[in-house]
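**Student:** Chain order of the listed sequences is A and B. This note's numbering runs 9 ahead of the 1-based position in the first sequence. This note's numbering runs 31 ahead of the 1-based position in the second sequence.
You may find that some hints are simply not true.
Covered stretches of chain B (in silico footprint by chain A; criterion: 3 or more residues with CB under 8 Å from a CB of chain A, positions within the stretch not fixed) [claimed, not checked]:
no., stretch
1, 291-301
2, 313-325
3, 363-375
4, 383-397
5, 407-421
Every beta carbon over 10 Å from chain B, so not counted as near; a handful from chain A, in silico [stated by the list, open to error]:
no., residue
6, T49
7, R106
8, C165
9, G186
10, L285
Hint data in this document are derived by calculation from the structure and do not stem from the laboratory. Virtual Cβ for every residue (Gly too), placed ideally from N, Cα, C.
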Amino acid sequence: MAEELFEQVWTEKYRPQLLNDVVGQTEIVSRLQSFVENKTLQNLLFAGPAGTGKTTCAIAIARELFGDNWRGNFLELNASDERGIDVVRVKVKDFARTRPIGNVPYKIIYLDESDALTREAQQALRRTMEDYTATCRFILACNYNSKIIDPIKSRCAFFRFLPVAQEDVKARLQMIGEKESVAISDDGMEALLEVSGGDLRQAINLLQATASTVKQINAEAVYKVAAKARPQDIEECVQKAFDGKFEEARSQLDGVMIKQGLSGEDVVRQMHQCVLKMELPQEKLVTLLDKIGEYNFRIIEGADARIQVVALLAQIYAIGKEK
Amino acid sequence: MTNKLPWVEKYRPANTSEVVGQAGSVKAILDFVQNFKQQPEKAILLTGPVGSGKTSIAIAVAEELGYELIQMNASDYRKKDQIEAKIGCACNQQSLIPSNGKLILVDEVDGVHGNSDRGGMATLGKIVDKTCFPMILTATDKWNQKLRTLKKKCRGIDLRKVDIRSMAKRLGEIAEKEGMNIDETVIAEISRRAEGDLRSAINDIETLSGIDKITMKDLEVLGKRDRVKSIFDTLFAIYKSKDPKTIMQSVWDCDKSPNEIMLWLIETIPKEYEKPEEVAKAFDAISRADVFTGRIARRGAWTFMSYSAELMALGTALAKEQKYNKFTRYMPPTYLMRMGRTRASRAMRKQVAGKIGEQLHCSRKRAKEQMPYFRQMLKKKVNLNLELDKEEVEFLKK
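The shape of chain A in the complex, shown without the other chains (with noise of 0.2 Å):
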């Protein structure tokens, strides 16, 4: 403990510095180019799973455009942190008030998870853009663009973020591999790949960790990190559910939800990812798969995430119990 030795955390370490670095997106990444060539930048509005380069690629503007000043000039908010739209506009305010640093003309404000904002706040947040063209302009991410408002959309221009394919993850995994001087087998590939599903973030957290414990990283390795990562208790509340056992199996579920702070998306996620491994007969599987999908839509549009889960689990037993 005498010296202490810091290691970078690898998504920073190796996220990108330039639009011609980012992984995949090569469609969205050559017409930024262009913006950055002619420094006019619109309004961006970028919708897209996790991991898949959004803030990536608004940093990696923000670097092109204003060089090493870049964050004097960016300012970085997260909708689903900040409380609510006043926070978002006091901030943009005092932000925007003064003048950008360098030879450009406008300063950027990147609003991560801009869907958590309620549509109040995003015709608030529509207003912001209006009065601050002059000095600002705005980069929108989002999971799913459905949950933005239309006059937003209408004032974006709009790019939609796919999965990373699974060569262009596999290569930023090999090159990572190689610079930290960790081998990755060919099964420890595959399994980084499976468990991260194009999720470039999870693949290279998984990748990092697996890396703490071996130093050839083969699947069993990697398998056994992602496990850990992904506890047991979920599986187990999905099984007792199954088996009858429905009392049990929520109060189990509120406990891991509670003490491990799980969202309600991240125990459907592992809820599928279980149910895929559980040995069932294809009907029942098939309508579990059903269930699941449905109530992952109702997390995203419900108001309490526990209630659709709950929700789940009985359906899930219901299910379990039928002949």
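Once you've looked at the hints, dock chain B against the given chain A.
**Tutor:** Just chain B, lined up with the frame of chain A:
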């Protein structure tokens, strides 16, 4: 008639034998006050529905034992200073006027308001800790979250609704003393309508006292009180009925909001319904009600709230094939209590997630998702550069 007191005051029980119903509870309270020195607790938390006799019992006990009664009720302010001024001193001083002892009554403690009576609950708790005299605290809703800490310090005694027969008997006595000409069936009907609230029943017969010969028809002048329903009445309506009107009336009359009712339903559905497909059907309705609530919240369309409440209550009610003729003990939702108990560690998790999010350009939610990976790295003695202090690192490692 010279005595102009309202009848509810005039006919308050003068001693414990006059208390209507509640015999077991009365005995327990008398015993507590008389043998106060031997009690492990220093106060009674006396709960029970409106008009069941909470205050009357306390007064009757003091009268009967010749105790001085120090009383504080809902009309008094309940801020810290005011509570201390009024009862804080009384708890520790011997009485100036000759009496056998003192009994301190704090009425309607669930009325102590979170904000405008800031510090009120905490002060009450401290007074209970150090009082030299027996205290009785009353409340209508024993499940009220605000009572959580007080509950631990007090002996809990729960009154039931006054049963119809005892109520009718008492009303008959009063009518006779007042020389009213009233039919027994009318008294029975008043008792039935009162739904266990003796106070309202006494008010009702006082209203009728000017009439010469009182018949059923005269009852029409008494508007039916829109009684606030307890959560148990509402759950009972949802589980035992299939009539939309009855069910929705009990939802809107409930003293809990539809959101709270939903938490109670989630807790109790698997206890009431025995068939898995009923449970699944009820939860499906609740889930869709929550989807409505989400849409309503996002659009601020609060007038649509009734759709959500209806889907929740009727959907749950109609999920049963037929009603279960059994008694189910409806327990309060454990979820909120568990949330309360883990508040500190959840706050810490939020703080750590916030810091990680700042370092890694992502929201707390994303940061939380990735935390298990960082935990494993930290455990393998990898010193991650996440700008966390020692305490935060220890938390993350756990």
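**Student:** Now look at each hint and say whether the structure bears it out.
**Tutor:** The hints, checked one at a time:
| no. | hint | in the structure |
| --- | --- | --- |
| 1 | 291-301 | holds (count 4) |
| 2 | 313-325 | holds (count 10) |
| 3 | 363-375 | holds (count 5) |
| 4 | 383-397 | holds (count 11) |
| 5 | 407-421 | holds (count 8) |
| 6 | T49 | holds (25 Å) |
| 7 | R106 | holds (23 Å) |
| 8 | C165 | holds (20 Å) |
| 9 | G186 | holds (16 Å) |
| 10 | L285 | holds (20 Å) |
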